[in-house]
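**Q** What follows is each chain in one-letter form.
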Amino acid sequence: MSDISLETRKPMAIGRLPIGSIGRLPNGWWGMMMLVATESFLFLYLLFTYYYLAARAGSGFLPEAPPFFHLSGPNTLILIASSATLWYGERGARKGSRGQLLIGFLATLVLGAIFVGIQIVEWTEKPFTIASHAYGSTFFTVTGFHMAHVVGGLIMLLALTLWSAIGYFDEKRMAAISIGAIYWHFVDAVWIAVFFTFYITPYLR
Amino acid sequence: MAAADYQKRPEAGFVTEALEKKLHDMWETKPGLFGVIATVDHKVIGIRYIVTAFAFLVIGGLQALIMRIQLAQPDQTILTPEQYNQLFSMHGITMIFLYALPILSGFSNYLFPLLLGTRDMAFPRLNAFSYWIYLASGLFMYASFLIGEAPNNGWFNYAPYALKSFNPGLNMDFYALGMVFFGISTTVGAANFVVTVMRNRAPGMSINRLPIIIWGTTTVSVGILLANPAVSLAFFFLWLDRQFGTHFFDTAGGGQPLLWQHLFWIFAHPWVYIIVLPAMGMVSDALPVFCRRPLVAYTLVILGTITTMLLGFGVWVHHMFATGIPFLSMSYFSGASFIITIPSAIATFAWIATIWTGRIVMTTAFLYFAGFISMFVIGGVSGVVTASVPADLQLHDTYFVVAHLHYVLIGINLFGVLGGLYFWFPKMTGRMLSERLGRWNFWLTFLGFNLAFLPMHWTGLLGMPRRIYTYPEATGWSWVNMLTTVGSFVLAFGILLLFVNVWISLRRGAIAGRNPWDAPSLEWATSSPPPAYNFPVMPVVASRHPLWEDRLDESDGHSSIDRGLVLDDGKEMLATSVIDAEPRAILKMPEDDPWPFLVTIALTVGFTALLLHWWWIGVAAGVATLLGCVFWLWPRDDLAQTKGAAHE
Amino acid sequence: MTLSIAKSIMAKAISGWRQVGQRAGLAVAGLALGTHAASAQTPMYYLETFGPKGEITASLTWGLLAISVFVVVLMSVLVLVAIFRAKRLEPAELGSKLPVSHPGGGHRWIYLGLALTTAALIVMVVWTMEVLAEIDEPAVEPAFTIEVTGEQWWWEARYVDPDDPSRTFVTANELHIPVGEPVRIRLASADVIHSFWVPALAGKTDVIPGQINETWLQADRKGVYRGQCAEYCGVQHAHMAMRVFADPAEEFRSWWEHQLEPADTIPEDDELLRVGQEQFVLKCGACHAVRGTLAGGEAGPDLTHFMDRTTIAAVTLPNTPGHLSGWIADPQHQKPGNKMPNLDLSGPELNAIRHYLETLD
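Chains as they are written, first to last, in this note's numbering: chain Y, 1 to 205; chain F, 1 to 648; chain E, 1 to 361.
No lab work stands behind these hints, which were simulated from the structure alone.
Keep in mind that a hint or two might mislead.
[As the list claims (entries may be wrong)] Here are the simulated EDC-like pairs of lysine to aspartate or glutamate, each with C-alpha atoms no more than 16 angstroms apart in a straight line:
1) F/Lys30 / F/Glu549
2) E/Lys339 / E/Glu298
3) Y/Lys172 / F/Asp5
4) E/Lys97 / F/Asp550
5) E/Lys222 / E/Glu250
6) Y/Lys95 / Y/Glu39
7) E/Lys222 / E/Asp191
8) F/Lys164 / E/Asp344
9) E/Lys339 / E/Glu48
10) E/Lys339 / F/Glu82
11) F/Lys21 / F/Asp569
12) F/Lys164 / F/Glu149
13) E/Lys222 / E/Glu48
14) F/Lys22 / F/Asp569
15) F/Lys30 / F/Asp592
16) E/Lys283 / E/Asp344
17) Y/Lys172 / F/Asp637
18) E/Lys97 / F/Glu549
[As the list claims (entries may be wrong)] Which stretches of chain F does chain E cover? Using the computed rule of at least three CB atoms under 8 angstroms from a CB of chain E, they are:
19) 124 to 138
20) 287 to 300
21) 318 to 328
22) 331 to 337
23) 344 to 355
24) 391 to 402
Since this is a predicted model, take the numbers as computed values, not measurements.
Even glycine gets a Cβ: it sits at the ideal position worked out from N, Cα and C.
All chains, full assembly: derive it from the sequences and hints.
**A** Shown next, in the form of structure tokens:
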């Protein structure tokens with residue numbers, strides 16, 4: 001059976017078409033890209049706020065004790081590792097291996113939860129609060145925004161893991177897995193920018 | 001659906017009654033309350049947007065009339081200063097946020113799938129959600145009037161007057177939370193437009209064949225995605241400063257009042273273009289229909305649209321020339337603000353050339369578009385004057401700027417919208433608006449508007465500052481204010497005639513038929529009003545003006561309207577490639593769904609809880625929202641999202 | 001060379017436009033008001049100004065407005081001509097088709113339009129930059145500084161003599177400056193954002209908490225210039241005006257000398273004034289200062305030389321005995337929401353305080 005050709009001077013050939021969100025770039029993928037775009041700008045404005053307040057205040061903006069790495073350093077590595085485990089799980093999904101998918105996602109969930117826990121310890125160790133000064137306000141708000149995204153990402157991964165476990169995805173219908181993974185990688189990438197701003201730049205001046 | 005159904009070869013066919021019946025049963029929203037809250041039909045949602053936005057226009061207009069009575073003469077005491085301040089604040093908030101963008105979203109929502117030759121938006125449920133959030137956030141902000149504590153610091157809401165130490169009531173909390181709430185609607189709506197354009201078009205509708213309103217709305221939607229976070233964040237910071245003693249804007253702890261202005265105008269200047277570019281797009285599409293020719297310089301007009309949006313992100317400081325910013329920065333932002341004129345000039349000359357070289361069909365819609373061009377020029381050049389820093393230091397915050405922004409908002413947005421309404425009303429309702437009442441409507445609106453706002457430039461040059469609830473007679477501002485008040489009532493009467501016209505025409509208007517204006521684009525290829533599924537078979541497009549192809553020699557072949565792909569195995573539509581719109585996949589579209597409404601309810605409870613410090617209810621509402629989203633996104637058989645292994 | 005020629009042409013154009021514009025503007029204003037002295041009737045008008053900073057800006061504004069009006073008229077005429085010259089078609093009957101064609105030549109409009117727009121913009125940008133550079137700093141360094149503080153809803157003014165810190169004093173709402181000399185204004189806010197604006201002399205400068213903004217003023221003609229807060233600042237933003245008196249140099253110096261003095265002591269034998277002063281210190285002294293008495297409040301305007309001022313409540317009311325009584329008796333009536341409370345004074349107390357205030361010249 002030949003392809004359908006509709007009446008145009010250069011006939012448009014339409015062959016077999018995939019049904020639903022299968023393969024590459026379903027609508028949901030584009031939707032996630034929109035979310036990533038707008039959220040990137042959200043964090044851009046958050047960091048702008050930090051730099052703006054720092055620049056206007058001049059010296060005396062930073063607290064006396066410089067930001068420390070003993071928690072934030074390992075925590076950054078943990079978050080990067082969680083992206084790797086997620087990638088491993090997603091590759092499993094692509095191969096149709098539900099086992100690999102679940103191992104990867106569960107590992108990501110655990111690493112993400114550890115990140116949240118360590119971040120809470122870091123918060124409690126700070127000698128200032130969100131209401132102490134402009135630095136405290138930006139520090140807790142920006143890291144708090146990031147934390148909210150991590151928690152949101154964890155809830156999303158939890159749902160995806162649950163759905164995988166009860167057999168909702170196979171090697172072709174796994175768009176939700178890929179789309180969810182983009183979000184998690186994005187949240188990781190944002191952390192790098194946040195980490196650079198709050199932990200590295202004070203040492204660069 | 002069986003696990004093997006990963007792909008199929010679509011059928012091509014002609015429109016038949018049996019097909020229409022089958023599609024109707026699949027796509028039509030079921031009657032009853034469930035249908036009302038669950039519908040995902042973009043046409044229903046679009047009309048809801050339009051009706052709600054017009055309702056807000058009327059409310060904002062009544063607020064303006066009350067203020068005009070107060071200002072008609074010097075030293076009046078009809079309003080207390082606090083009442084006046086709440087009125088002018090809510091007037092701005094209403095017109096700029098609750099009318100100007102939603103009205104355009106309404107038209108775009110209604111028109112996008114029809115213009116693109118598809119059946120719905122990319123995310124129909126998200127579309128319903130954006131409307132519900134819009135309505136809920138609007139009602140949330142208006143609830144402030146119930147306790148007499150409406151926002152009272154203008155739509156621009158400068159800190160530190162917005163902080164708790166100067167403004168202890170709930171006024172600012174309503175505004176801050178309401179805007180974060182409203183921002184959700186704007187953002188998801190914008191994302192939906194962009195994805196729809198990129199992914200869901202008629203085969204053959206390559207990007208050089210898109211109607212201009214599609215370009216306009218898509219461009220501003222990208223603008224919204226990038227600009228809106230700034231204002232949501234600013235309002236969230238404000239709320240934190242007020243409730244938790246943070247120091248973003250509060251100088252006491254190292255905060256900066258100007259941070260507010262930067263974040264606000266980084267958003268709000270692009271916003272100005274966001275609420276005019278789609279209206280310009282409407283004119284660019286509809287005006288040529290009455291000039292019986294394609295728009296002059298299609299490509300340049302589109303490039304102008306995109307350039308305007310891009311430059312719109314680089315001029316925000318021109319709202320802050322008086323704040324003591326450095327000389328160099330002032331000259332840069334001044335220069336950039338001048339340059340932004342150039343892309344607008346392209347559009348203006350394109351419209352005039354289109355009329356000049358065309359043959360005119362004189363209708364009310366045409367009158368609105370022609371009036372629009374002059375209003376556009378007035379609003380544009382008065383903007384150019386304020387781009388000049390030294391002049392702006394005098395003009396800034398006077399009624400000159402009020403006149404300017406009303407020429408932009410009424411002249412460009414409202415006139416475009418009213419012309420658009422006369423143009424598309426037959427499509428939406430199946431009936432024509434009365435042309436006779438239309439002429440009265442146009443001339444009263446046009447004259448009333450110019451009587452109110454043309455002398456207002458002079459009011460500004462006489463030095464009347466904005467946002468004052470009264471003025472002494474010795475300032476010499478009395479007579480111009482009286483003129484404006486008279487004009488504003490004439491304008492209001494003109495708008496009233498529009499509603500009369502709509503009311504009468506809905507009942508007794510002439511039957512429109514498919515294509516009453518003999519217009520070229522796809523929405524006119526289906527019946528008026530269109531069926532729930534828009535097109536029985538998916539049309540294929542071979543040129544920019546599919547319905548004018550027989551008379552214009554611009555296509556490579558013929559568009560195929562009556563014969564096309566038959567997609568009737570459940571709610572289906574096509575996914576197409578980004579540039580050339582080649583078919584890529586058959587999408588399964590969601591049924592009517594109550595989750596968008598339910599999640600909106602949860603969010604409304606959540607924001608109310610934050611307002612009133614009911615923290616635990618807030619937490620519960622947050623959890624409910626998350627759960628609602630999980631159920632909303634739960635993989636479904638009928639969306640072809642699952643293999644279905646769990647059910648085997 | 002070319003640049004200087006261009007500049008001189010532009011300077012001529014500026015002065016030409018300005019004269020034409022000013023005459024036209026005055027004619028319009030005069031016509032509307034039925035008067036020839038437009039500026040006296042419209043004290044906030046800024047297209048006729050009385051200082052170098054205002055004048056160069058007014059010329060620029062006139063020029064820009066003239067270009068704008070020209071553009072609006074031109075484009076509107078084009079729209080009208082386009083409509084009237086084009087062939088008309090009757091609206092389509094139901095289901096019928098109308099002719100459509102694609103005549104060429106439209107692009108010429110765009111190119112012409114772009115060329116004209118760009119040319120006009122270049123003129124406006126160059127002119128703008130030139131004026132911007134010129135108004136940045138006065139030609140000669142100002143001899144002294146007035147530190148103006150914006151407060152809800154009045155202006156405090158501290159005159160600072162750079163050579164002699166002891167010659168500093170504080171007044172409110174009515175500034176005096178010497179004719180023909182530039183004066184530096186340093187702006188601070190005590191609460192929210194305000195904007196300092198005396199339109200007949202210069203453009204606005206915002207008054208922002210947490211930062212000091214500077215501007216300068218110069219009046220070349222003796223007179224009284226009205227100013228008004230131009231940034232929304234709360235309930236009584238409408239009643240936050242000021243007056244700037246441009247006095248001849250001699251008069252200005254003696255005004256300054258006079259302001260430095262404390263208030264006159266009241267005659268010992270005047271019972272009414274003694275009670276008035278006592279009551280003033282008791283009831284008003286927590287917010288208002290009168291140098292030379294125990295009243296030292298800083299929340300409200302310094303009243304040491306109150307009778308030198310022509311108005312009360314930030315130019316809300318003329319300073320007459322009647323208005324003064326009314327104001328003290330019920331300050332919330334004329335300016336609702338302002339920070340001066342109703343004191344529930346008895347008739348005799350009010351009378352005594354008013355009499356006392358009237359001695360503060």
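**Q** Now tell me, hint by hint, if it's right for this structure.
**A** So, going through the hints one by one against the coordinates:
1. F/Lys30 / F/Glu549: Not satisfied, since the Cα-Cα distance of roughly 38 angstroms exceeds 16 angstroms.
2. E/Lys339 / E/Glu298: holds, 13 angstroms
3. Y/Lys172 / F/Asp5: Holds - the C-alpha atoms of F/Asp5 and Y/Lys172 are around 11 angstroms apart, at most 16 angstroms.
4. E/Lys97 / F/Asp550: holds, 11 angstroms
5. E/Lys222 / E/Glu250: Holds: E/Lys222 and E/Glu250 sit about 12 angstroms apart, inside 16 angstroms.
6. Y/Lys95 / Y/Glu39: violated, 31 angstroms
7. E/Lys222 / E/Asp191: Not OK: E/Lys222 and E/Asp191 at ~33 angstroms, beyond 16 angstroms, violated.
8. F/Lys164 / E/Asp344: Roughly 29 angstroms between the alpha carbons, so the hint for F/Lys164 and E/Asp344 is violated.
9. E/Lys339 / E/Glu48: violated, 35 angstroms
10. E/Lys339 / F/Glu82: holds, 14 angstroms
11. F/Lys21 / F/Asp569: Holds - the C-alpha atoms of F/Asp569 and F/Lys21 are around 13 angstroms apart, at most 16 angstroms.
12. F/Lys164 / F/Glu149: holds, 14 angstroms
13. E/Lys222 / E/Glu48: Cα-Cα ~15 angstroms, so holds.
14. F/Lys22 / F/Asp569: Roughly 10 angstroms between the alpha carbons, so the hint for F/Lys22 and F/Asp569 holds.
15. F/Lys30 / F/Asp592: holds, 9 angstroms
16. E/Lys283 / E/Asp344: holds, 10 angstroms
17. Y/Lys172 / F/Asp637: holds, 14 angstroms
18. E/Lys97 / F/Glu549: Given that 16 angstroms is the threshold and the Cα spacing comes to 12 angstroms, the pair holds.
19. 124 to 138: violated (count 0)
20. 287 to 300: Since three or more residues must qualify, the claim that chain E covers the stretch 287 to 300 of chain F holds, with 7 doing so at under 8 angstroms.
21. 318 to 328: Holds, because 4 residues of the stretch 318 to 328 of chain F bring their Cβ atoms closer than 8 angstroms to Cβ atoms of chain E.
22. 331 to 337: holds (count 3)
23. 344 to 355: Since 9 is at least three, the answer is holds.
24. 391 to 402: Contact hint for the stretch 391 to 402 of chain F vs chain E: holds, 8 residues under 8 angstroms.
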